[in-house]
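Novice: Protein chains in written order, with my numbering: chain A, 1 to 462; chain B, 1001 to 1462.
None of these hints come from the bench; they were simulated from the model. Bear in mind the structure is a predicted one, so any value in this text is a computation, not a measurement. Think of the CB as a built atom: it goes at the ideal place given N, C-alpha and C, for glycine as much as any other residue. It is possible that part of the hints are untrue.
Quick list of simulated restraints, FRET-style, between CB atoms [as the list claims (entries may be wrong)]:
1) 1317/B / 457/A: 27 to 37 Å
2) 120/A / 1317/B: 33 to 43 Å
3) 1335/B / 223/A: 41 to 51 Å
4) 332/A / 1265/B: 39 to 49 Å
Here's the letter readout for the chains.
Number of protein chains: 2
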Amino acid sequence: MSKEKIEPFMNPRSVAVIGASRKTGRGSFNVIENMLDFGYRGKIYPVNPMAGEIAGIRAFPDVKEIKEPVDLAIINTPRKTIPPILKQCASQGIKSAVIIPQGFSDSDEKGNSLQLRLTEIAGETGIRLLGPNTLGVINAFSGFTSSFMPLKREIAPVGVVCQSGIFFVGSSLFTGIMGKGIDLGNSCDLDFSDAVEYFGEDDDIEVIFLHIEGMNDGRRFLETAERVSRRKPIVSLKTARSEMGARAAASHSGSMVGSHEVFESAFRQTGIISTSDPEDILDFTKALLNLPPMKGNRVAIVTFTGAGGIILIDDMYDQGLEPARLSPYTITAIKDLSPSWMPIGNPVDIWPAVMKNSMDHVYSVALEAVLEDPNVDGVICIAIAPELPENSYLDATGTIRYIASKYREKPVVAWLYGPEQKTVSRKLERDGHVVSLPSLPRAVRTLGALYRRHLFLEGLSV
Amino acid sequence: MSKEKIEPFMNPRSVAVIGASRKTGRGSFNVIENMLDFGYRGKIYPVNPMAGEIAGIRAFPDVKEIKEPVDLAIINTPRKTIPPILKQCASQGIKSAVIIPQGFSDSDEKGNSLQLRLTEIAGETGIRLLGPNTLGVINAFSGFTSSFMPLKREIAPVGVVCQSGIFFVGSSLFTGIMGKGIDLGNSCDLDFSDAVEYFGEDDDIEVIFLHIEGMNDGRRFLETAERVSRRKPIVSLKTARSEMGARAAASHSGSMVGSHEVFESAFRQTGIISTSDPEDILDFTKALLNLPPMKGNRVAIVTFTGAGGIILIDDMYDQGLEPARLSPYTITAIKDLSPSWMPIGNPVDIWPAVMKNSMDHVYSVALEAVLEDPNVDGVICIAIAPELPENSYLDATGTIRYIASKYREKPVVAWLYGPEQKTVSRKLERDGHVVSLPSLPRAVRTLGALYRRHLFLEGLSV
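Extracted from the complex, chain A is given alone in its bound form (with noise of 0.2 Å):
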């Protein structure tokens, strides 16, 4: 049903821009030069009674002169003129409408009844609208977008749900990649039940990000979360926290914002990971693109800094994770390697060993005992990131990739520390095995972010 519903909005075969902008050109805005430049190939029909062309295609004066079926009418015209030109589009058959522009719940009284009138007509005419006050959907697969923003297409399969254009002009720092992305701004008819349950059936995509800032059908929205989430993670971001966030939500989006506390009770319960850390997203995403759940929260350090392992341990706690008891098995394996005088605990500090042998052949050693280790539910690898070429004898990310490779059932992440961190971690990171965190309590965040996937799938209390 929802399928029905975004379908036009991700696939349309035609749409008709109403309020098609004459300016072409960069700084233009021109959602028909965008959706061209993003790669639309199906039918464009621009509307604007000024214009006989734009951007080389035929105009309209009004949406009744197109006389060929249009899937999707994208409207981007003066508010007070939007409910009108609705009533119109619906009589002319179109099915489904983007509405672009601000002034609404987001702004004064009259922008509110204006909005309640879009809703009115939506139930009335059966007309379905995403908007207003958005820049509408993207969908690097089909190579179609209805943004007036330019935005890069990237095939990955990531789907995006948002309340603001950031998530789709600021992808990069958010969810890293995204192959998809529906912005319900103001979300006056389609909301964020509908686009997660889409989300959920689409087979192109394998996590789903949501931005909230506030929503008006909390109870729907969980019940298909929850099932959704047994099918692919969904991961999120809460806005509007504070009361004076929600105050500004309000002018923003128009949302109505409850309380914090409930929603991250509800939204734990039907497995959404919930963050409030922006930067948890990427990583979040990431990992569990990536890696499997993480079936315990028994948790190895592989590590030449002591220093290092200190800061994880000091951050697994608020993640409801700790320091594995490593085997005897584990101890003896990495013991044979090191000074008599070393300790050997966890996290396992391997410098000591490393100035008796070469770095690659303990990193082995140590990272495969404790993946062998039935008492490790997942590891985290501390390494360096080497100045390159010069000092490439230091860096032991090829080793820690080839076993990560060998033990897929544990999820590995790791921090490197050294000037070229981006760099080696991209390597680290090739074949997917292993994830690479900016941090060490981003890297133990990520670890718990995949142990609250298993609770939520095993059916135990996240």
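Keeping the supplied structure of chain A fixed, place chain B upon it in accordance with the hints.
Specialist: Then chain B, alone, in the frame of chain A:
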């Protein structure tokens, strides 16, 4: 007094390297080779009974054979040989020694008593000791290091005091830049008070960073830190916060770790800006080097995205910050550019105005208005980091940089979204009037640190 104690470590005219390795080249961890690569031009006396020369320098079989004055001994021999070597050094008139090896209070009973013996020898002979279990020092200004790990030389006004070499090797991820460093290791003699006092009096250093696992002389440290904080900011990462973390610290640097709450509250009174998140260190250091303290807790937000503003407001409360109530004059300046339906408040959402005017014009009016506003103590700018150069019309950072340079008494920080965050941030930070942070919560925490700095300097409760 600390000048005398520490100076021979930071600026030795001559060093004896005892236990100098004959192995040179990549992966040899050769102290002498590293020292030469780093730029040391003083006298070096390798000591190794098996070698005639090391790295082209004549070697001595024994420290007694060196007939010239030696400022500093760097000792890297098996642990049990160190007490007699140390006594020999002292009797040769050497007043300072770095003790590199592990295997002391970071290890077993034997190691513990060996370390006690080192402290005794220091007491009996007056020789000052750094370590054991340390990389020693780094002084990029004079070009000296005792590190066996290769390090980058970078003249920067940041002094690092730590209990692990990770803060030298990974400095780009902690303080970002680092001109001088002292690794206290197990701290059997020289301690945090000595190092902090030294950097306090060092005109090369403007910001001090401390990595603290534990300390033995808390009271003296707090007195020193309080005095030094008045002259220059001290940022600290206190680790071993958890009980398990504390246990791990005992076998890392052999530290006695007090209660985290006691540390935190004592630190606050000394003006130390403390955090438990390593990523904050990078942000706080950059901000304290470049921006003024924030003289109140009222923050204005200028943003293209309402959603981003809401995330900022949520995070402000944890930092004791609040959204400024803009004066009517400021509101009017922004209202004049915006559509009539637009409710103007803080966050100042300028996107609707940008749709009607040029981006640079709107951004400069809004930013100048909030910086002029007597109700505003600091500003967070949200702007786009577009893919360059084809979308450079979206880039408002030139304007932000220019306006911020005119109002240097109020801190301006930024968060940029889009695929080129790093590149555009560097451009924005070029003259040092704006600091750009990688995430919204980090921007808020950074202003929080500048506010804490103000409270301390004014004698207000932090």
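Novice: Could you run down the list of hints and mark each one as holding or not?
Specialist: Against the structure, the hints come out as follows:
In this structure, residue 1317/B and residue 457/A meet the distance hint of 27 to 37 Å, their C-beta atoms being roughly 34 Å apart. A hinted range of 33 to 43 Å holds for the C-beta pair residue 120/A and residue 1317/B, which are about 38 Å apart. Judged by the Cβ atoms, the range 41 to 51 Å given for residue 1335/B and residue 223/A holds: they are separated by roughly 43 Å. A beta carbon spacing of about 44 Å between residue 332/A and residue 1265/B agrees with the range 39 to 49 Å that was offered as a hint.
Checked against the numbered hints above, the structure breaks none of them.
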